[in-house]
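> Same order as they appear, the protein sequences are chains A and B.
Per our numbering, the very first residue in the first sequence carries number 1; after that it's consecutive.
Per our numbering, the very first residue in the second sequence carries number 1; after that it's consecutive.
These aren't lab readings, by the way, just hints derived from the structure by calculation.
Since this is a predicted model, take the numbers as computed values, not measurements.
Please note that the accuracy of each hint is not assured.
[As the list claims (entries may be wrong)] Partial chain B-side listing against chain A, Cβ under 8 Å, derived:
1. 5
2. 8
3. 9
4. 13
5. 105
6. 110
7. 115
8. 117
9. 121
10. 237
11. 238
12. 281
13. 284
14. 290
15. 294
16. 297
[Claimed, not checked] Quick partial rundown of chain B residues pointing at chain A, CB under 7 Å, derived from the structure:
17. 103
18. 113
19. 128
20. 242
21. 245
22. 249
23. 273
24. 275
25. 277
26. 280
27. 283
28. 287
29. 291
30. 298
Each residue gets a CB set at the ideal place from its N, CA and C atoms; glycine is no exception.
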Amino acid sequence: MGVTLDLLLNAITAGLLLGGFYAAVSVGVAISFGMLDIANLAHPAFIILGSFTAYILNGTFGMDPIVAGIVVLPGFFLLGAAIYQIYYVSFERRGEESLRGLAFFFGILFITEVSLILIFGVDYRFVEARYIGPTLRLGIVDLPLRMLVPCVFSLIMVGGLHLSLSHTFLGRAILAVAQDGPALRLLAINPSRVKLVAFGISIATAAIAGSFLIIIQPVEPSIGREYIGRVFAICVMGGMGSFPGMLLAAMLLGVVESITATFYGPSWSPAVAFGFLLLTLAFRPSGILGR
Amino acid sequence: MRSGFFWLVTALVVFAIFSASRLVTNDYFFFAGYLVLQFVVLATAWNILGGYTGYVNFGTAGFFALGAYSSVVLHKLFGPPIPVLIVVGGVVSGIVGFGMGYLTLRLRGVFFAIATLALAIVLETLITNWDYVGGSRGVYIIRPAQAPLIGSYIQYLFLLMLTLAGIAVATARTIEHSTLGYGLAAIRDDEQAAETAGVPTLRLKLVSTTLSGAFMGMAGAPLPYYVTYLDPASGFNLAYAVNSIAMPLIGGTTGWLGPVIGAVLLGTIQQVATVTISSALNLLIVGVLLVAFVVIAPNGIIGLIETRGRRRAG
Numbered sequence: 001m002g003v004t005l006d007l008l009l010n011a012i013t014a015g016l017l018l019g020g021f022y023a024a025v026s027v028g029v030a031i032s033f034g035m036l037d038i039a040n041l042a043h044p045a046f047i048i049l050g051s052f053t054a055y056i057l058n059g060t061f062g063m064d065p066i067v068a069g070i071v072v073l074p075g076f077f078l079l080g081a082a083i084y085q086i087y088y089v090s091f092e093r094r095g096e097e098s099l100r101g102l103a104f105f106f107g108i109l110f111i112t113e114v115s116l117i118l119i120f121g122v123d124y125r126f127v128e129a130r131y132i133g134p135t136l137r138l139g140i141v142d143l144p145l146r147m148l149v150p151c152v153f154s155l156i157m158v159g160g161l162h163l164s165l166s167h168t169f170l171g172r173a174i175l176a177v178a179q180d181g182p183a184l185r186l187l188a189i190n191p192s193r194v195k196l197v198a199f200g201i202s203i204a205t206a207a208i209a210g211s212f213l214i215i216i217q218p219v220e221p222s223i224g225r226e227y228i229g230r231v232f233a234i235c236v237m238g239g240m241g242s243f244p245g246m247l248l249a250a251m252l253l254g255v256v257e258s259i260t261a262t263f264y265g266p267s268w269s270p271a272v273a274f275g276f277l278l279l280t281l282a283f284r285p286s287g288i289l290g291r
Numbered sequence: 001m002r003s004g005f006f007w008l009v010t011a012l013v014v015f016a017i018f019s020a021s022r023l024v025t026n027d028y029f030f031f032a033g034y035l036v037l038q039f040v041v042l043a044t045a046w047n048i049l050g051g052y053t054g055y056v057n058f059g060t061a062g063f064f065a066l067g068a069y070s071s072v073v074l075h076k077l078f079g080p081p082i083p084v085l086i087v088v089g090g091v092v093s094g095i096v097g098f099g100m101g102y103l104t105l106r107l108r109g110v111f112f113a114i115a116t117l118a119l120a121i122v123l124e125t126l127i128t129n130w131d132y133v134g135g136s137r138g139v140y141i142i143r144p145a146q147a148p149l150i151g152s153y154i155q156y157l158f159l160l161m162l163t164l165a166g167i168a169v170a171t172a173r174t175i176e177h178s179t180l181g182y183g184l185a186a187i188r189d190d191e192q193a194a195e196t197a198g199v200p201t202l203r204l205k206l207v208s209t210t211l212s213g214a215f216m217g218m219a220g221a222p223l224p225y226y227v228t229y230l231d232p233a234s235g236f237n238l239a240y241a242v243n244s245i246a247m248p249l250i251g252g253t254t255g256w257l258g259p260v261i262g263a264v265l266l267g268t269i270q271q272v273a274t275v276t277i278s279s280a281l282n283l284l285i286v287g288v289l290l291v292a293f294v295v296i297a298p299n300g301i302i303g304l305i306e307t308r309g310r311r312r313a314g
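Just need the whole structure built from these sequences, with the hints factored in.
This is the structure:
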């Protein structure tokens, strides 16, 4: 396939829209892994769980998928808090988080995925909404609403989280935990309580990201694995806890993946994210904006 | 027990198991036994890095499938005997393990773990897009009906995997009681302290990733002949990764016996569950056991037995 200008422009636009969505997918990991130092490998599985709750609410009540994602937020928050509590009691308090903590989250990833397969089977599921289908046209550039709507809401969510982290008491407490947990104890704040709330928020973002995912593409339980590489690549490239860095990395990955898919075929795109991750880890472990 | 003596005992055990198995006439026994032994090799290989050194490898499926696909390539080129394929598979995966370790082992352990997961997916994408080895359609390998001296081909594969399992376990035992093993244990307990005390941490870690990767590749090398149809989705199945992590953690990670117990136990349960219930449920069992053991019994079955023994003694 020849490289023509409009093909390239469309690939870049699609990549930017995709990148906006990737930011929503990665923001939870930026909080849990980047700030709290909890390598939550199971995050993509919770995103798929979010997709399926959106699917159920959309199918039974005809609810808009994004509204469905917001409705289940409290449930996901509690789920996240519960998982952190188990993690804290069994690993963090004993200082054994590295090896066993990773295996713990890997196990959770499998349990969630296989449970979804046992309940829903391996068929692809999708949702119905008015904005799935139509496409805006700006000159030669196509803006499918199916991609644009998740991208816009994702940017709103990431921006909102960024502002509340830097302007609210709780947000600043989370940033403080990220910088120096033991110091918080000296101020009579319990770091694990703050981490509990922060981890709950990080899992809650998965509910929304999951509803975006099922708007963008049909979902089956095992596609979550493809996102493990993407979220960690974005998180590491973005410099761990930094939101602007994460957004930049998400856009970059989206564009590179989209260009690869357009010019070399979609079967190569999983390797792009993981290849990016390997290269970042090998040569630039502090991220693209890192020191 | 001296290491040389342990090798001798292992060889005798391998010989005894094989001689006894000749009395079994049902071929299904060999098919099931092969899978369990394959998990013994994978779990032992994982534990050389994960248990002894404390670095988590999520990429077992990648190293394993790399061994299997190097066999496919060689099979298409010359069709050498399987023991040669096992050696080649081990060398290829060992080299990849070395490269992987060299790039990421200077980072924190978490990054190594995530990078191994990434490696498996990159390799899978490469194989999926490589038409010579079948691409995403997969590849058929026609295996001979008979093997020289042994007779039935599946018995031959069983014997190979049994020997490999014996070698892997004896190697793990030897490492445990060598300077290398003590160095690795020092890294696992406190890497900075080990470095300060003069343990050449990076070199030891590289030896351990290379060995671990090589055994995984060796375990994968006979796979095309066992399944006769291989495609990327089954070769790179994440189930290999979760199993090879779950087995040592359930058995106990500090010694050679833990992975063997875990692999035999979990492998047998899965064989029974696949036949009687369903193969999806199988993975659920592995996942639940993995989480349950890391939360409740961090030192696995061996740890449980030891605490009970100590309690009785004290």
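> Does each hint hold? Answer for all of them.
Hints, one by one, checked against the model:
no.: 1; hint: 5; result: 31 Å, violated
no.: 2; hint: 8; result: 33 Å, violated
no.: 3; hint: 9; result: 30 Å, violated
no.: 4; hint: 13; result: 29 Å, violated
no.: 5; hint: 105; result: 11 Å, violated
no.: 6; hint: 110; result: 5 Å, holds
no.: 7; hint: 115; result: 5 Å, holds
no.: 8; hint: 117; result: 6 Å, holds
no.: 9; hint: 121; result: 5 Å, holds
no.: 10; hint: 237; result: 10 Å, violated
no.: 11; hint: 238; result: 6 Å, holds
no.: 12; hint: 281; result: 7 Å, holds
no.: 13; hint: 284; result: 4 Å, holds
no.: 14; hint: 290; result: 4 Å, holds
no.: 15; hint: 294; result: 5 Å, holds
no.: 16; hint: 297; result: 11 Å, violated
no.: 17; hint: 103; result: 4 Å, holds
no.: 18; hint: 113; result: 5 Å, holds
no.: 19; hint: 128; result: 6 Å, holds
no.: 20; hint: 242; result: 5 Å, holds
no.: 21; hint: 245; result: 6 Å, holds
no.: 22; hint: 249; result: 6 Å, holds
no.: 23; hint: 273; result: 12 Å, violated
no.: 24; hint: 275; result: 18 Å, violated
no.: 25; hint: 277; result: 11 Å, violated
no.: 26; hint: 280; result: 5 Å, holds
no.: 27; hint: 283; result: 5 Å, holds
no.: 28; hint: 287; result: 4 Å, holds
no.: 29; hint: 291; result: 4 Å, holds
no.: 30; hint: 298; result: 6 Å, holds
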